[in-house]
Structure formats: structure tokens, C-alpha cells
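Trainee: So the chains spell out like this:
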Amino acid sequence: MIALLALVAALVPQVVVGPGMYRPVDAKDPEADAVAVAPFRLDVTAVTNAQYESFVRAHPEWQRGQVPALLADERYLVHWEAAAAAGDHLLADAPVTDVSWFAAAAYCETRGARLPTTAEWEVAAAADETRKDASADETFRKRILDWYSRPAEPPRRVGMGPANAWGVRDLHGVIWEWVEDFQSALAPPDSRNDRAGDRSRVCGEGGLAGGEKRDYAAFMRLAMRSALTGRSTMSSLGFRCASDVEAGP
Amino acid sequence: MRRVLVATLVLVGCSSPQPKPAPRPDPSSVAGGPVVPQENLYDLRLPSLVDDAGRAITLDAQRGHPVVVSLFYASCPQACPALIAEMGEMDSRLEPSGKRAVRYLLVSMDPAHDDVAALAKVRADHHLDERWTLARASENDVRLLATVLGLRYRFRADGQIDHTTNLLLVAPDGALDARIDGLGQPKDELLRRISELKREPAGS
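Those protein sequence lines, which keep their order, are chains H and Z. Heads up: the first sequence at position 138 corresponds to 138 in the working numbering, and the numbers run straight through without jumps. With the second sequence counted from 1, adding 1000 to any position gets you the working numbering.
Mixed in with the good hints, there may be bad ones.
Said to hold, decoys possible - Keeping only pairs whose Cα atoms sit at most 20 Å apart, straight-line, the calculated SDA-like set for lysine to any residue is:
| no. | chain 1 | residue 1 | chain 2 | residue 2 |
| --- | --- | --- | --- | --- |
| 1 | H | Lys142 | Z | Arg1100 |
| 2 | H | Lys28 | Z | Ser1195 |
| 3 | H | Lys28 | Z | Gln1160 |
| 4 | Z | Lys1099 | Z | Gly1159 |
| 5 | H | Lys28 | Z | Ala1157 |
| 6 | H | Lys28 | Z | Lys1099 |
| 7 | H | Lys132 | H | Ala152 |
| 8 | H | Lys28 | Z | Asp1043 |
To be clear, the hints were calculated from the coordinates, so they are not data collected in a lab.
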């Protein structure tokens, strides 16, 4: 079984993303707080219902009904027909959703992979079809924001969207995606001094003054991540895996 | 539900800047939310957990006792020492049977710097007795525990960590009892709850 999973892991398409720079949208000083992102591998598409089915069959402790309340809420895989089968009413190749952070992290771990960090995901997501960093482009930002304003659509097969300049698909316009360090969203400063800046950091007001004011979509992703807990599940929230680039000769 | 509604609710909650003459509860620091009765800490395994004597320990080592769990790091300039001091002050106000029953688990969120010696120094600096366990774990295991606590934390480029100061109270059988914003908050409720929990039968 382990050999089979290793084989499956080898078949999941990934591309190398980066290097790049991530400027947290809630940073007071975007340059000082900018994060350098080293090259990493990212799944071209999100994890699907079919892939997640294989995972829960191999690891029944992650089936609905078996997962402890600590690790997933009561809506875990709620749309699946059965504990180990998504059912014909769901597309096998649509992104799996209604999975918690603990579950997503466990899935990636069984592939010898991990979730992407916020910085990694945002570097990957800053690309449009031709430019690796299109984040300053008003048209690109508007496209993404338009998706956020539309009602949720029925799920579709992964990979239907165009590849961005890194070769990654569907980072916008399909689902929200888990990141490894969602806990970092809106982490307040340690000193807990009574500074006016503290409240604005927590609420993101100061961040909008310091960061890219016009990247409202990035701020919405920040707001989303800051509202999640490890056991949260949402019908519009799925994930993809990342892995380190091995040191080559 | 429209996706934009989620972010709008967050923004509305933060839209009125006010002067801040005194520290106030920080709502983001209990971001883990209220506990669900079935949540049990001991459903989590942290295989890399090691105490300040260098011994491998399990997360459920204090099963049978009410446990107060927190995260810290040794080079933390202000919040962590203050939090540990507050926990100690609260402990001194427990009645004798509560003091005998309660246990404390402090796990470092900075394993790269906090080796066993650093942990032992924190114990010595704060005069913590054997009811306190100081421990370190892998970055990944720390992330799992921090997530259960609802902790928000981010490593900065200068090596310091921006973080909330959550406490987690765990019943003798491991059930999560409460997530609490630890720093600067009255501990009377926590005291009362520890006294109640110690009377509950251990195990389930």
C-alpha cells in the first residue's frame, strides 16, 4: 500500500514556483516585512474528491464519523454520499471541500508533502497567464475581485482554468484554499504595549495603510484565514499540496 | 452565501477606531472559538514532545488532572514572561486541593532556539515546581498544538514572534474545557473551573 501511495504521489503533477517576494497585506512596513520565498513545488491543481477518497480508504481514521471532533467539525465531508465514497452526485475530479486544516495537512503528509505556506501560495497566486507577478495590475486584481462578488457556483473539474505563468491552475475563481500557517493571519505584536497601532494591526486598518491598498482581494483572503480554526470546514474551501525542492547536484 | 459577506463582517467589526487608554481584551486572541464538548486534546499525538529534562513525553502524560496548556518561547520579551507570572499568581490563589490537582503544560513555539537547557532556565527563572511541564516539540507538532489552542502566531524576520497569549483548560479526561485569552485577564473564572474539574472522575 505504501508503494502504491508513493506511486500515486509521483503521478500528481507539480510545478516549481518561485523565487518570489510576498508582502503581507497587513504589514505595517511592506518592504521590511516582506518575505522572500524560495523555490518550491506546488500541485498544478487542487486535491480532488477521487484523490481524497483514496486517502480515506487507506486511512480510515480520516473517514467521516471516525475523525475526532478536535480535528474536524460536524460538517466534515458532509456532502459525500458515504464515509469513504463521494458519490455520483459529485464530480470525481472536482476539488474536495468540507475538509478541515488538520485533515488537509494529514492528506499532504501521506504524500510526503505539506500544505503551502501563506507566502508560497500568495507568490503562486500573484501570477497571471503571462507574468509571474501581476499583482500590481488593476485588471488582474479586478478579475479576482469579480469572482469574490459572485454567488458560489457549482463545482467543476480541476484544471479547467488556464495555467498561470508558473504553470499552476485554478488558484482564483474556484475555491478558497488551506495554507500551512493560516494561524499567522493577524497575529498581533508580542509587546502588547498600549499603542494605537495595535488595534489597527488586529483589524487590518494599519495594514491597508502600509501594504498594497488596492489589493482588496488579498485582504479578503487575509480576513478569511483569520476567521478559520483548524477544525473549520466550508463547502468552498479545499486545498492543494506543496513540497520542498530537493537540493540537486 | 456570497463570499464577500464573510470579509464584510470582519471589516464591520473593526471599522471604528477608538482611543485606547488601557489594555482591553483582544478578540483575536480567542480566535480558536468556544470549545465543542466532544473535543478532546488527547486525540492529538505529538510524537516529538520532549520535556526540560530531555525526556520524551506524551501529550496525555497528565491525564487524570485538570491541565492548563500554553505556548511560549524563551526569548519572548514581554508577553510570555508576563503570562507565566500571571499563571503563577493564579496558582497561588488556588485552594490546597486545587493546587494538588492542577498541572501546567508550557510548550515552546520556538524549537529552533529553545533547547532543553533553555527550557530548564525558564523553569528556574520562574521557580516552577514539578506540577509544571516545560516542553519542546518539532515545528510541525507545535503548529498542531497551537492550532488546537486557537493561537495566532507569526515568526518575524528578527527572530521574534508575534503571537496571542491563549490558554487552554483541559479536563482530567482530556476534554477541552475552555480557550482563554491569558494575558491581563481576571483568572477567577479559570480558578473556579479548575476547582470544579478536579472533582470530576478521570477517564471516560
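Trainee: Hint by hint, say whether it matches the structure.
Mentor: Outcome of the hint check:
Distance check on the hinted pair: lysine 142(H) and arginine 1100(Z) sit about 61 Å apart at the alpha-carbon level, beyond 20 Å; violated. Among the hinted pairs, lysine 28(H) with serine 1195(Z) is inconsistent with the structure: their alpha-carbon atoms are about 43 Å apart, more than 20 Å. For the hint pairing lysine 28(H) with glutamine 1160(Z), the CA-to-CA distance comes to about 16 Å; that is within 20 Å, so the pair holds. Distance restraint check for lysine 1099(Z) and glycine 1159(Z): the Cα-Cα separation of roughly 36 Å exceeds the 20 Å cut-off, and the hinted pair is therefore not satisfied.
Taking the CA atoms of lysine 28(H) and alanine 1157(Z), the gap is near 14 Å; set against the 20 Å cutoff, the hint holds. Restraint check: the Cα-Cα separation between lysine 28(H) and lysine 1099(Z) comes to about 44 Å, which exceeds 20 Å; the hinted pair is violated. With a CA separation close to 27 Å, the supplied pair lysine 132(H) and alanine 152(H) exceeds the 20 Å bound. Between lysine 28(H) and aspartate 1043(Z) the alpha-carbon distance is near 38 Å, which puts this suggested pair outside the 20 Å criterion.
In the structure shown, a violation is registered for the earlier hints numbered 1, 2, 4, 6, 7, 8, in ascending order.
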